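**Q** Chains as they are written, first to last, in the numbering used here: chain C, 1 to 412; chain E, 1 to 412.
Fair warning: there could be bad hints in the mix.
In silico lysine to any residue, SDA-like type, Cα no more than 25 angstroms apart, as pairs [as the list claims (entries may be wrong)]:
1. C:K24 / E:N274
2. E:K159 / C:G202
3. C:K159 / E:V135
4. E:K40 / E:G131
5. C:K159 / E:P276
6. C:K159 / E:E36
7. E:K197 / C:A112
8. C:K40 / C:S26
9. C:K159 / C:E41
10. E:K324 / C:G25
11. E:K159 / C:G25
12. C:K40 / C:E160
13. E:K159 / C:T163
Derived by calculation from the structure, the hints in this document are not laboratory data.
Small disclaimer: the values here were computed from a predicted structure and weren't measured.
Protein chains: 2
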Amino acid sequence: MASNLTIDADRLWSSIMASAEIGKGSRGGLRRLALEDADKEMREVFARWVASSGYTLRVDRMGSMFARREGREPGLAPVLIGSHLDTQAAGGRFDGILGVLAGLEVLRTLDAAGVETRRPIEVVNWTNEEGARFVPPMVASLAFAGKETVEWALARPDKEGTTLGSELARIGFAGPVPVGGREIDAYFELHIEQGPKLDAAGVPVGIVTGGFPTRGMRIEVRGETAHVGPTPMPRRRNALVGAAHVAVAIDEIGWRQAPSEGKSTAARLDLSPNLPGIISERATLYCDMRHPEADVLAAMEAEVDVAVADCARRSRCEIEVAEKWGFGGFAFDPGLIGLIRSASASLGHTTMDLKSEAGHDAYHMVAVCPSAMIFAPCRGGITHNEAEDMSKADMVPSANVLLHAVLARADR
Amino acid sequence: MASNLTIDADRLWSSIMASAEIGKGSRGGLRRLALEDADKEMREVFARWVASSGYTLRVDRMGSMFARREGREPGLAPVLIGSHLDTQAAGGRFDGILGVLAGLEVLRTLDAAGVETRRPIEVVNWTNEEGARFVPPMVASLAFAGKETVEWALARPDKEGTTLGSELARIGFAGPVPVGGREIDAYFELHIEQGPKLDAAGVPVGIVTGGFPTRGMRIEVRGETAHVGPTPMPRRRNALVGAAHVAVAIDEIGWRQAPSEGKSTAARLDLSPNLPGIISERATLYCDMRHPEADVLAAMEAEVDVAVADCARRSRCEIEVAEKWGFGGFAFDPGLIGLIRSASASLGHTTMDLKSEAGHDAYHMVAVCPSAMIFAPCRGGITHNEAEDMSKADMVPSANVLLHAVLARADR
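Work out the full structure, taking the sequences as your base and the hints as a guide.
**A** See the structure below:
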């Protein structure tokens with residue numbers, strides 16, 4: 001196999017810059033929430049790119065788009081490359097997008113060089129990876145892995161109560177293809193690191209060994225409505241105050257574990273009635289905790305229970321952890337990691353082994369097939385922010401590593 | 001004048017119970033936000049009651065409804081009785097409603113007894129007293145008193161950006177009558193206490209001597225969006241956490257003054273983007289502080305400034321008190337208070353002098369004419385809550401005091 005094969009950096013960069021024009025945010029980034037009009041437009045552009053390069057496109061019932069370059073043996077399970085084209089509400093130009101468009105660039109590079117592969121190679125754009133519009137994030141790969149039903153996933157509502165399924169139909173991406181249930185040989189995902197390590201160390205390629213153990217939780221606070229004026233302090237049960245105590249406690253738990261890379265976030269707070277003249281009776285707080293060591297994460301989680309009891313006492317509200325979920329805490333496939341490591345070595349790139357601290361569709365694909373991730377540097381670690389940035393030079397090494405790792409696997 | 005004249009308690013109670021059917025909340029109270037369809041329906045019912053009793057109805061440009069019973073000398077400035085028919089998002093059946101419908105009952109009682117008065121008497125239903133839909137509360141009496149222009153008041157938006165003026169037009173209550181600018185002889189407002197004192201002491205009539213000094217403030221918190229996962233704790237500037245620190249501090253300031261009847265409330269919190277996967281960059285917190293002594297309130301306010309600086313340091317956000325407003329801290333008219341006191345005495349009712357801790361349209365009417373308020377007991381002090389309650393027996397004494405105080409003034 002041609003070990004001097006390289007992606008066309010200008011072509012990939014111009015694809016990413018074309019994407020950066022669709023759903024532009026007010027500060028140079030992107031606001032391309034899943035299944036909104038900008039996402040529809042990006043999907044249509046991607047579909048045109050796929051068609052003009054001669055690949056077949058299949059859209060499944062979750063709206064995930066699979067572009068396929070045929071292999072010499074079409075009956076073999078394909079190698080899959082993927083990520084997502086949706087963004088956060090105030091997101092960057094690279095998060096997810098790099099992975100999908102680098103996948104497309106891999107296919108185009110193979111065409112330009114006249115390289116055939118034994119196995120088919122597919123590139124997927126997963127629907128609603130970010131979860132910025134429909135909760136949970138990574139919902140399409142979740143359904144692909146059979147962890148939830150398609151019906152459940154299609155019924156996820158946004159804040160206005162509009163379902164994912166109805167929005168897919170509205171924008172014309174409710175495809176006919178069954179979700180999952182077919183053999184995939186391997187899954188590769190290239191992504192910006194979304195942390196500062198590679199950029200700080202000047203290392204171009206991150207080899208992702210697994211996912212940070214992560215716990216999410218929904219905390220419910222119940223108080224009682226009352227007038228903000230005459231109601232004596234000892235009679236108040238202000239759900240906003242109850243939730244504020246919890247948010248501060250959650251933040252402090254994260255700070256105590258900061259030296260060992262722990263994090264915790266009070267991320268979203270919904271209040272009712274949330275009006276100036278009336279004390280709120282209900283608050284829902286969504287929290288997120290991460291730590292590289294599962295036992296430390298469990299200890300952080302136990303601290304939340306203690307804090308919740310204390311916050312309830314201080315605010316005179318009822319507070320409970322109503323729901324918990326988790327991901328991460330697994331290892332990616334050693335075989336694929338080996339392919340990434342040797343591709344990096346043969347291309348002469350230094351690498352750093354690290355764990356992913358963010359969730360990715362690859363987390364669910366681990367349950368489907370051997371899976372792995374490659375990280376590219378991300379300027380200053382800034383992400384989920386319109387200022388998210390990388391240079392073309394930051395992008396090229398990891399995209400070439402993806403090319404060669406995929407190529408090696410596809411000829412297996 | 002007939003000192004044995006009394007209101008028809010059954011008629012007044014049945015009016016209030018008819019109102020309690022319009023915009024019923026899920027838990028026995030009312031959800032009749034200003035200018036929503038239920039408010040429209042209540043206004044139409046009120047207009048029918050006014051017409052069927054033979055009073056003239058005039059609606060001003062702010063949608064405030066003035067029912068007029070003519071006096072022997074129609075050229076004299078009228079005595080005005082008023083309050084509001086709109087409610088909180090989860091409000092009670094009496095807050096505001098008692099005052100308007102007791103005003104109507106005063107007119108009907110005079111008719112039934114064939115009593116003429118020298119001055120006209122008018123009853124007003126003020127638009128958007130609660131401020132639950134359009135901020136600020138008491139916006140119609142604010143404009144009536146000339147403290148803001150009608151144009152400014154009509155442009156107030158609700159959370160969806162719909163203006164008060166367009167909603168008035170939609171429900172057919174954008175009246176032609178100029179707002180304010182005419183002489184009013186005196187203003188009386190009967191209201192439930194919205195605090196526990198009368199109920200606890202078993203005293204049927206509260207004589208309101210003035211308003212608690214009150215300060216409201218809008219606090220702006222600016223952080224930065226970032227991924228909830230990989231972003232190291234020392235790089236985070238979570239606006240939700242900044243606002244949570246402030247909310248806890250505001251609550252604690254209120255607790256420190258609780259023994260001397262001080263209160264403070266973190267009442268409303270708006271966050272952006274407020275999503276599970278991204279740290280919020282912006283928070284707006286609305287706070288409210290009240291204390292019977294103006295100098296203590298000023299000290300509480302100074303504590304906020306200290307707390308804000310501390311919270312900014314702890315959350316690494318920029319935090320500022322962006323806007324302040326105030327009301328209360330005045331005394332009601334001694335002449336009208338004297339009329340209320342002698343009416344209570346001649347009817348044999350015990351009274352308690354107290355200050356209003358909630359805002360009322362009477363606060364703005366102080367700038368227009370001699371004004372005063374009467375309080376009726378409110379079960380357990382529960383208000384801005386669907387469980388707000390009073391009995392018919394709780395209602396009768398204060399309504400009769402209103403009748404006789406108004407009658408005395410109208411014959412002046």
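**Q** Could you run down the list of hints and mark each one as holding or not?
**A** Okay, the hints, checked on the actual structure:
no.: 1; hint: C:K24 / E:N274; result: 20 angstroms, holds
no.: 2; hint: E:K159 / C:G202; result: 47 angstroms, violated
no.: 3; hint: C:K159 / E:V135; result: 23 angstroms, holds
no.: 4; hint: E:K40 / E:G131; result: 16 angstroms, holds
no.: 5; hint: C:K159 / E:P276; result: 12 angstroms, holds
no.: 6; hint: C:K159 / E:E36; result: 22 angstroms, holds
no.: 7; hint: E:K197 / C:A112; result: 85 angstroms, violated
no.: 8; hint: C:K40 / C:S26; result: 19 angstroms, holds
no.: 9; hint: C:K159 / C:E41; result: 22 angstroms, holds
no.: 10; hint: E:K324 / C:G25; result: 32 angstroms, violated
no.: 11; hint: E:K159 / C:G25; result: 23 angstroms, holds
no.: 12; hint: C:K40 / C:E160; result: 19 angstroms, holds
no.: 13; hint: E:K159 / C:T163; result: 23 angstroms, holds
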